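**Q** The chain contents come next:
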Amino acid sequence: NAGVTQTPKFRVLKTGQSMTLLCAQDMNHEYMYWYRQDPGMGLRLIHYSVGEGTTAKGEVPDGYNVSRLKKQNFLLGLESAAPSQTSVYFCASTLGGGRLDQPQHFGDGTRLSIL
Amino acid sequence: RKEVEQDPGPFNVPEGATVAFNCTYSNSASQSFFWYRQDCRKEPKLLMSVYSSGNEDGRFTAQLNRASQYISLLIRDSKLSDSATYLCVVNQGTYKYIFGTGTRLKVLA
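Sequence lines, in order, name chains A and B. For the first sequence, counting from 1, position 72 maps to 72 in the working numbering; every step adds exactly one. For the second sequence, counting from 1, position 2 maps to 2 in the working numbering; every step adds exactly one.
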């Protein structure tokens, strides 16, 4: 039982390049989230999904797109990377079902640098 | 005003000491509360949920004060391995988790 797995762990991009971050969970969770964490700031929600085939914008969605074609996978795409997107990205999941007392389970992060 | 506020620290304490962190939240409609631990360059890991009546897990005690809108975390008999950043997380809806910026703890030998 791996929990939440993110790939890749590290990546360096040049401005304007594109890439996709993959998050996979094996806990049959309904809800999945993408966050970014920057120094001096709390985790900020980029996009989230409440089920297969659904996605929604979070607090800081600009410059990112997401897809949830399979329940276990949540992909985060950067179409044209910018230096402001240099950050640590975390994926998380929760069981869902409308309950409000569920903690989130996190992947171990992707460190992304945009030059 | 931030929705969730924490003292950034660092709190430097000797081994064996008791240390307490507070976290205040601004939205009175907040539903559930958690403490996470984050080690340097690692992911946040759930330390404990915080229940209305307060709850304890070994050396850790969490309390919630809805009237004053804060939660607290007490660590007794601090260990070197407790050195980390402690994140306060407030849930305001099915998908809306608001994170504090964290409080750094350093336990000194």
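It should be emphasised that the hints constitute simulated quantities derived from the structure, not laboratory data. Some hints could be false.
Derived lysine-lysine pairs resembling BS3-like cross-links, with alpha carbons at most 25 Å apart [what the hints assert, rightly or not]:
1. Lys57(A) / Lys79(B)
2. Lys45(B) / Lys71(A)
3. Lys45(B) / Lys79(B)
4. Lys71(A) / Lys96(B)
5. Lys96(B) / Lys57(A)
6. Lys70(A) / Lys96(B)
If you want the footprint, here are the derived chain A segments under chain B, 3+ residues with CB under 8 Å [as the list claims (entries may be wrong)]:
7. 37-43
8. 104-110
Small disclaimer: the values here were computed from a predicted structure and weren't measured. For glycine and all other residues, C-beta sits at the position ideal for the given N, C-alpha and C.
**Q** It remains to establish, for every hint, whether it holds in the given structure.
**A** Right, here's what the structure says about each hint:
Distance hint between Lys57(A) and Lys79(B) is unfulfilled; the C-alpha atoms sit about 40 Å from each other, more than 25 Å. A hinted pair counts as satisfied when its Cα atoms are at most 25 Å apart, and Lys45(B) with Lys71(A) qualifies at roughly 23 Å. Taken as a hint, the Lys45(B) and Lys79(B) pair is honoured in the structure, with Cα atoms around 18 Å apart against an allowance of 25 Å. As the CA atoms of Lys71(A) and Lys96(B) are separated by approximately 20 Å, the hinted pair is consistent with the 25 Å bound.
Restraint check for Lys96(B) and Lys57(A): satisfied, since their Cα atoms lie roughly 11 Å apart, inside the 25 Å limit. For a cut-off of 25 Å, the pair hint linking Lys70(A) to Lys96(B) stands: about 22 Å separates their Cα positions. Counting residues of the segment 37-43 of chain A whose beta carbon lies closer than 8 Å to any beta carbon of chain B gives 4, which meets the minimum of three for the stated coverage. A count of 6 residues in the segment 104-110 of chain A with a Cβ less than 8 Å from any Cβ of chain B is obtained; the coverage claim is therefore met, three being the minimum.
Violation of the numbered hints given earlier is confined to hint 1; every other hint is satisfied by the structure.
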